[in-house]
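Whole structure, please, built from the sequences with the hints as guidance.
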Amino acid sequence: YRAAADFASDLIIVRLAENVPREKLDAHPFAPAYAELLDFLNPHQRARVIVTTSFWQSDSVDQAIRQVAAGRGLPVVELAHLGQRDEMKAIGLFEHRGVAAHPGDAGMAAIAAAILEQVNPGK
10 YRAAADFASD LIIVRLAENV PREKLDAHPF APAYAELLDF LNPHQRARVI
60 VTTSFWQSDS VDQAIRQVAA GRGLPVVELA HLGQRDEMKA IGLFEHRGVA
110 AHPGDAGMAA IAAAILEQVN PGK
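Mapping of the sequence shown onto the working numbering: position 56 corresponds to residue 65, and the numbering continues sequentially without gaps.
Treat the hints as calculated values from the structure; they're not laboratory data. Check before you lean on any hint, since a few could be wrong.
[Claimed, not checked] So the derived label-pair ranges between C-beta atoms look like this:
#1 Ala89 with Leu46: 14 to 22 angstroms
#2 Arg81 with His105: 36 to 44 angstroms
#3 Asp95 with Arg31: 20 to 28 angstroms
#4 His105 with His53: 41 to 49 angstroms
#5 Asn28 with Ala118: 16 to 24 angstroms
#6 Ala56 with Asp35: 27 to 35 angstroms
#7 Phe103 with Pro52: 33 to 41 angstroms
#8 Phe49 with Ala109: 32 to 40 angstroms
#9 Asp95 with Ala44: 27 to 35 angstroms
#10 Ala109 with Ala89: 32 to 40 angstroms
#11 Tyr10 with Glu104: 27 to 35 angstroms
#12 Pro52 with Gly101: 18 to 26 angstroms
[Claimed, not checked] Only pairs whose alpha carbons sit at most 20 angstroms apart, straight line, appear in this in silico EDC-like list of lysine to aspartate or glutamate:
#13 Lys33 with Asp71
#14 Lys33 with Asp68
#15 Lys33 with Glu45
#16 Lys132 with Glu87
Cβ atoms here follow ideal geometry from the backbone N, Cα and C, with glycine treated the same way.
Rendered as structure tokens:
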């Protein structure tokens, strides 16, 4: 992952939450690890950082993301409302229910639009 940090991007969008194993959060708190990742990716704090919550509502993970973001003054793009809508999922496209629960084309477009609204507010 060093190449990602060394790239010295001016914009970092963090989409990380969906596959966090909830059963391990007591032993491995998410917020400190998330903060460490942000520091790793933006060591000189020069990049603009935008974070998102999970497509699949996860109170503990989403709250940790909000907490870290609030402590750093970072914007949070809320996505859980999208994951509650079947038309945002890939239902009917895949036999496996877990795969079909992922965002489909409409869901991915909605995620991208929500992030883009934060990147370019009002445009």
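Hint by hint, here is what the structure shows:
Checking the proposed 14 to 22 angstroms range against Ala89 and Leu46 shows it holds: the Cβ atoms sit about 21 angstroms from each other. Distance hint check for Arg81 and His105: the Cβ-Cβ separation is about 37 angstroms, which falls inside the suggested range of 36 to 44 angstroms. Distance hint check: the CB atoms of Asp95 and Arg31 are about 22 angstroms apart, consistent with the given range 20 to 28 angstroms. In this structure, His105 and His53 meet the distance hint of 41 to 49 angstroms, their C-beta atoms being roughly 42 angstroms apart.
At about 21 angstroms, the beta-carbon gap between Asn28 and Ala118 stays in the expected band of 16 to 24 angstroms. Taking 27 to 35 angstroms as the suggested C-beta distance range, the pair Ala56 and Asp35 conforms, at roughly 32 angstroms. As the Cβ distance of Phe103 to Pro52 is approximately 39 angstroms, the hint placing it in 33 to 41 angstroms holds. Checked against the hint of 32 to 40 angstroms, the pair Phe49 and Ala109 passes, with Cβ atoms roughly 33 angstroms apart.
Our hint of 27 to 35 angstroms for Asp95 and Ala44 holds, since their Cβ atoms are close to 34 angstroms apart. Our hint of 32 to 40 angstroms for Ala109 and Ala89 is violated, since their Cβ atoms are close to 18 angstroms apart. Separated by about 33 angstroms at the C-beta atoms, Tyr10 and Glu104 satisfy the suggested range of 27 to 35 angstroms. For Pro52 and Gly101, the Cβ-Cβ distance of about 44 angstroms falls outside the hinted range of 18 to 26 angstroms, so the restraint is violated.
Under the criterion of a C-alpha separation no larger than 20 angstroms, the hint pairing Lys33 with Asp71 is consistent with the structure, at around 15 angstroms. Annotation: proposed proximity of Lys33 to Asp68 holds, straight-line Cα distance about 14 angstroms (limit 20 angstroms). For the given pair, Lys33 sits about 18 angstroms from Glu45 by alpha-carbon distance, which is consistent with the 20 angstroms threshold. Of the supplied pair hints, the one linking Lys132 and Glu87 holds, its CA atoms being roughly 18 angstroms apart against a limit of 20 angstroms.
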